[in-house]
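Novice: Chains as they are written, first to last, in the numbering used here: chain A, 1 to 489; chain B, 490 to 706; chain C, 707 to 962.
Just to be clear, a hint being listed does not mean it is correct.
Capping the alpha-carbon separation at 30 Å, the derived lysine-lysine pairs in DSS-like fashion look like this [said to hold, decoys possible]:
#1 LYS21/A with LYS825/C
#2 LYS736/C with LYS825/C
#3 LYS375/A with LYS899/C
#4 LYS21/A with LYS899/C
Footprint (simulated), chain A over chain C, 3 or more residues, beta carbon under 8 Å [to be verified]:
#5 862–876
#6 929–943
Estimated spans, in silico, between C-beta atoms of each pair [stated by the list, open to error]:
#7 GLU474/A with GLU959/C: 21 to 29 Å
#8 VAL597/B with GLY885/C: 48 to 56 Å
#9 ASP179/A with PRO961/C: 42 to 50 Å
The set of hints was computed from the structure by calculation and includes no laboratory data. For glycine and all other residues, C-beta sits at the position ideal for the given N, C-alpha and C.
Okay, here's what each chain looks like letter by letter:
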Amino acid sequence: MTTTTPGPVQQTSLVFVGMPKFPTAAREALANTQQRRNLRHATHTIRDKRARVVAEVPEWEALRVAGAEAKDEALAHLGDYLEQLEASLTANGATVHWARDAAEANAIVLGIVRDQQVDEVVKVKSMATQEIELNEALEAAGVNAWETDLAELIVQLGHDRPSHILVPAIHRNRSEVRDIFRREMAAVGRPAPEDLTDEPARLAEAARLHLREKFLRAKVAVSGANFAVAETGTLVVVESEGNGRMCLTLPETLVTVVGIEKVLPRWDDLAPMLQLLPRSSTGERMNPYTTMWSGAHDGDGPQDVHVVLLDNGRSHVLADRVGRQALRCIRCSACLNVCPVYERTGGHAYGSVYPGPIGAVLNPQLRGTTSEVDKSLPYASSLCGACFDACPVRIDIPELLVELRGRVVEQEGRTAESAAMAAAAWVLSDPKRLAAAQRAATTAGRVIGGRTVRAVPGLGAWTDARDVPTPPTETFRQWWARERGQGSR
Amino acid sequence: MSARDEILARVRGATADVVTTPADRAPTAVVEETSPGRAATLDLFAENVADYRAQVVRVAASGVAGAVADALRQQGCATAVLPTGLDPAWRGAATEVVRVLDEADVRVDAELDAVDAVVTAAAVGIAVTGTVVLDHAADQGRRALTLVPDVHVCVVRAGQVVHDVPEAVGRLRPEPGLARPLTWVSGPSATSDIELERVEGVHGPRTLVVVLVDEEV
Amino acid sequence: MSALARPGTDLRVALFATCFNDTMWPDTLKATVRLLERLGCTVEFPQAQTCCGQMLTNTGYGAKALPLVRRFVDVFEGYDAVVAPSGSCVGSVRHQHRGIVELAGDDRLASRVEHTVPKVLELSELLVDVLGVTDVGAWFPHRVTYHPTCHSLRMLRVGDRPLQLLRAVRGIDLVELPGATECCGFGGTFAMKNADVSVAMGSDKARAVVGTGAEVLVAGDNSCLAHIGGILGRQRAGVRHLHLAEVLASTEEDPA
Numbered sequence: 001m002t003t004t005t006p007g008p009v010q011q012t013s014l015v016f017v018g019m020p021k022f023p024t025a026a027r028e029a030l031a032n033t034q035q036r037r038n039l040r041h042a043t044h045t046i047r048d049k050r051a052r053v054v055a056e057v058p059e060w061e062a063l064r065v066a067g068a069e070a071k072d073e074a075l076a077h078l079g080d081y082l083e084q085l086e087a088s089l090t091a092n093g094a095t096v097h098w099a100r101d102a103a104e105a106n107a108i109v110l111g112i113v114r115d116q117q118v119d120e121v122v123k124v125k126s127m128a129t130q131e132i133e134l135n136e137a138l139e140a141a142g143v144n145a146w147e148t149d150l151a152e153l154i155v156q157l158g159h160d161r162p163s164h165i166l167v168p169a170i171h172r173n174r175s176e177v178r179d180i181f182r183r184e185m186a187a188v189g190r191p192a193p194e195d196l197t198d199e200p201a202r203l204a205e206a207a208r209l210h211l212r213e214k215f216l217r218a219k220v221a222v223s224g225a226n227f228a229v230a231e232t233g234t235l236v237v238v239e240s241e242g243n244g245r246m247c248l249t250l251p252e253t254l255v256t257v258v259g260i261e262k263v264l265p266r267w268d269d270l271a272p273m274l275q276l277l278p279r280s281s282t283g284e285r286m287n288p289y290t291t292m293w294s295g296a297h298d299g300d301g302p303q304d305v306h307v308v309l310l311d312n313g314r315s316h317v318l319a320d321r322v323g324r325q326a327l328r329c330i331r332c333s334a335c336l337n338v339c340p341v342y343e344r345t346g347g348h349a350y351g352s353v354y355p356g357p358i359g360a361v362l363n364p365q366l367r368g369t370t371s372e373v374d375k376s377l378p379y380a381s382s383l384c385g386a387c388f389d390a391c392p393v394r395i396d397i398p399e400l401l402v403e404l405r406g407r408v409v410e411q412e413g414r415t416a417e418s419a420a421m422a423a424a425a426w427v428l429s430d431p432k433r434l435a436a437a438q439r440a441a442t443t444a445g446r447v448i449g450g451r452t453v454r455a456v457p458g459l460g461a462w463t464d465a466r467d468v469p470t471p472p473t474e475t476f477r478q479w480w481a482r483e484r485g486q487g488s489r
Numbered sequence: 490m491s492a493r494d495e496i497l498a499r500v501r502g503a504t505a506d507v508v509t510t511p512a513d514r515a516p517t518a519v520v521e522e523t524s525p526g527r528a529a530t531l532d533l534f535a536e537n538v539a540d541y542r543a544q545v546v547r548v549a550a551s552g553v554a555g556a557v558a559d560a561l562r563q564q565g566c567a568t569a570v571l572p573t574g575l576d577p578a579w580r581g582a583a584t585e586v587v588r589v590l591d592e593a594d595v596r597v598d599a600e601l602d603a604v605d606a607v608v609t610a611a612a613v614g615i616a617v618t619g620t621v622v623l624d625h626a627a628d629q630g631r632r633a634l635t636l637v638p639d640v641h642v643c644v645v646r647a648g649q650v651v652h653d654v655p656e657a658v659g660r661l662r663p664e665p666g667l668a669r670p671l672t673w674v675s676g677p678s679a680t681s682d683i684e685l686e687r688v689e690g691v692h693g694p695r696t697l698v699v700v701l702v703d704e705e706v
Numbered sequence: 707m708s709a710l711a712r713p714g715t716d717l718r719v720a721l722f723a724t725c726f727n728d729t730m731w732p733d734t735l736k737a738t739v740r741l742l743e744r745l746g747c748t749v750e751f752p753q754a755q756t757c758c759g760q761m762l763t764n765t766g767y768g769a770k771a772l773p774l775v776r777r778f779v780d781v782f783e784g785y786d787a788v789v790a791p792s793g794s795c796v797g798s799v800r801h802q803h804r805g806i807v808e809l810a811g812d813d814r815l816a817s818r819v820e821h822t823v824p825k826v827l828e829l830s831e832l833l834v835d836v837l838g839v840t841d842v843g844a845w846f847p848h849r850v851t852y853h854p855t856c857h858s859l860r861m862l863r864v865g866d867r868p869l870q871l872l873r874a875v876r877g878i879d880l881v882e883l884p885g886a887t888e889c890c891g892f893g894g895t896f897a898m899k900n901a902d903v904s905v906a907m908g909s910d911k912a913r914a915v916v917g918t919g920a921e922v923l924v925a926g927d928n929s930c931l932a933h934i935g936g937i938l939g940r941q942r943a944g945v946r947h948l949h950l951a952e953v954l955a956s957t958e959e960d961p962a
């Protein structure tokens, strides 16, 4: 077997340090009835939309395979494709930077901003810049970073954290949004209209007016990218509102922070990706706007174009032969929308910018399993498998969760649980031992008789809300021996 | 070691188990819906563009100029910016109904905010998704033109309409050293960020009129 | 009954009881035996069997499940068909046994696993695919709703086989369960480790069940049924739960 050398894991950022383990955070989230209602409505709406448009494509499975294949190819030869991407971008007039971690990436972006002598940037929604907490880093250096995606604006103005990859304010409803706009817009720019209602159309209009002055005056924009084509040096941003186009077109300087796993080998690989992503993500045949740019284009858009290629734990994940499939993720959030756990807890309980099923496998790989939350994330799933079915690039999230549970177990060494599991394994590996253990159950069954069990010492986690099945007075094994003798082997 | 060299070394170390090379890879699988015929493809294009709540007007080649003028008039536009390479007949028609500015006259993008509309051609249309792709050639103008004004009248010729996405990607493949920026537009700008309720019209043009020029019989 | 075809004649089937059913739900296994024998099968119960190891594997102790996998193959490799009334345990056999053995690097065992696991079927698969029946001659005059468990649905892809079987039951009033494909929240140790989320999911499922007006909730996994049923019981909801095998075994002479 060839051994691979993993790069370092990502440093858990200050925002998420000290996050409680998932079950603790989840309990709090479950008690937030307004949020539960908002989430249920939103996830079911988008789930149904996705199901409708995916059903329109008879060859969906073949598309998933094509998408996974393109990403696997990129990951298998990532070194080669990164070098090719760099060469193509440079040939197109872009400046390429490399960042080992969040601090290095933030310093690069801040350096570019300082060179332009500005104190503000406009931002396109980007998971990579959220991950590195660029906004916080810029603000600490006296630079305002204006989020321009409507949901990101809601989160930013509400001094809140995003709870969904695609719809970061999914946990807020319309009246909460109106209150945030009325309260907060004036402090940072054009105030919300006096007569603002909670109609989504009015709220979107308020955002349009608030942001337009920022778009028109901004000198520097910061974006992420959905795809980066190595062959042609093309960067792609997929969006809906047009805020992306504003940021990618109007400022003089554009900085794009791209995770190294965003590479696609070839131009042709864009086809399956653009067929898979919108249907999986927003449940549309195609998203309203997609921008593709290849460096600086003469007389059109930013002439000072930078690309920051970000590792930040990705090379660590890549070294794991089972785990690396998580790097195929195209951040569509279909797995969040179908997840019964996410639907009830929302995103904050996952303690990361990557919530839901993909977060439950990505965070413990990117950050390691030392913190309370990262250790608990592989268990934040009933393994129902809905996420794998929805994933456009066939990431086997349940398989990865089980794999990561094994890693947590290994790391934790001897615990009460491991002792219990060792005992169970000992009992279950021999039919005589199993039969002996079963006698305890049937004895209990005879004692309990026809009554219902509502509490068992030590089983509070079960019996707090659920009756316990009453054990039978005779196991099947005993019955068979009695009725059929030893007739069978 | 530079960040570049270190990341590349990490990545190569992480993939040391891989035994294939990039050259081993087969062509990207093309998964697409087959066109049931040209007429059906054009009908589907018109249907899907309209489904995104863009307005679709189907005309013969001789009717384009009239359709452009009608669209500008119906939208109540007073001014329109036109790309330098726009078809002179369409330009003439626009001039009769609105005050026309040429792309070159509006040097500063912020000035486009005072312009009501833009009229352009297109590069490719995609039937299955109801998408119009702009490659910002001379008849479409630089990207800001089709972004800042609130009304976009976009003329798509039947011959530019392909059935599904892979064919469009094939047509749009950049020539080495001559890459153009691309803007894929599927309906007017939209958001579903508040309670997943779709709202048309955020930052991009809130009204999109697609003039589909049918093939001459 | 005499008119009933006996498509299982000449088929020798090994019953994989599964440790949970063996210990907690012997009636499901007895019903499985009754049903298969009624259809003409010869049912054997190899007594050396124990457990598929799923609880260990899914909790992160896959390495400890290796002796169980070895035992499973030792016990069952000689049969043409192995059946278990549990989508979850069959799912573990078909989808996890290979991985456990691969990780241990035992090539010989791996090839025996490869040979054995495809023959292991969930009850509805055996009935519909091998025996080719959907009408098993059952009688169950009750209002029933069916919950398709996640592992039967998304690991085994049993599709609508259980519903085909239920629709053919005489006297049944089968009503659709809204949101049927959503997980009930059991999830093995998830039910304990994330008890709050598990109960939240189970409560929504229980609400959907009650909303159908069904008198009986049916599923192919007793573990999921114990979870949903435990919540329904705590609520005194007046809905009982029954394994699919018990409904299919039910007749006028011997009703469930």
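Novice: None of the hints should be skipped; say for each whether it holds.
Specialist: To see whether the hints hold, each was checked on the structure:
1. Restraint check for LYS21/A and LYS825/C: the C-alpha separation of about 41 Å exceeds 30 Å, so the hint is violated.
2. Our distance criterion of 30 Å between C-alpha atoms is met by LYS736/C and LYS825/C, whose separation comes to about 21 Å.
3. Distance restraint check for LYS375/A and LYS899/C: the Cα-Cα separation of roughly 12 Å lies within the 30 Å cut-off, and the hinted pair is therefore satisfied.
4. Simply put, LYS21/A and LYS899/C have alpha-carbon atoms about 11 Å apart, close enough for the 30 Å limit, and the pair holds.
5. Here the segment 862–876 of chain C counts 0 residues with a CB under 8 Å from a CB of chain A, which misses the bar of 3, and the coverage is violated.
6. Counting residues of the segment 929–943 of chain C whose beta-carbon sits less than 8 Å from any beta-carbon of chain A gives 7, enough to reach three: the coverage restraint holds.
7. The given range of 21 to 29 Å is respected by GLU474/A and GLU959/C, whose C-beta atoms sit roughly 23 Å from each other.
8. Separation of VAL597/B from GLY885/C is about 55 Å and conforms to the stated range, judged on CB atoms against 48 to 56 Å.
9. Between ASP179/A and PRO961/C the C-beta distance comes to about 60 Å, which lies outside the given range of 42 to 50 Å.
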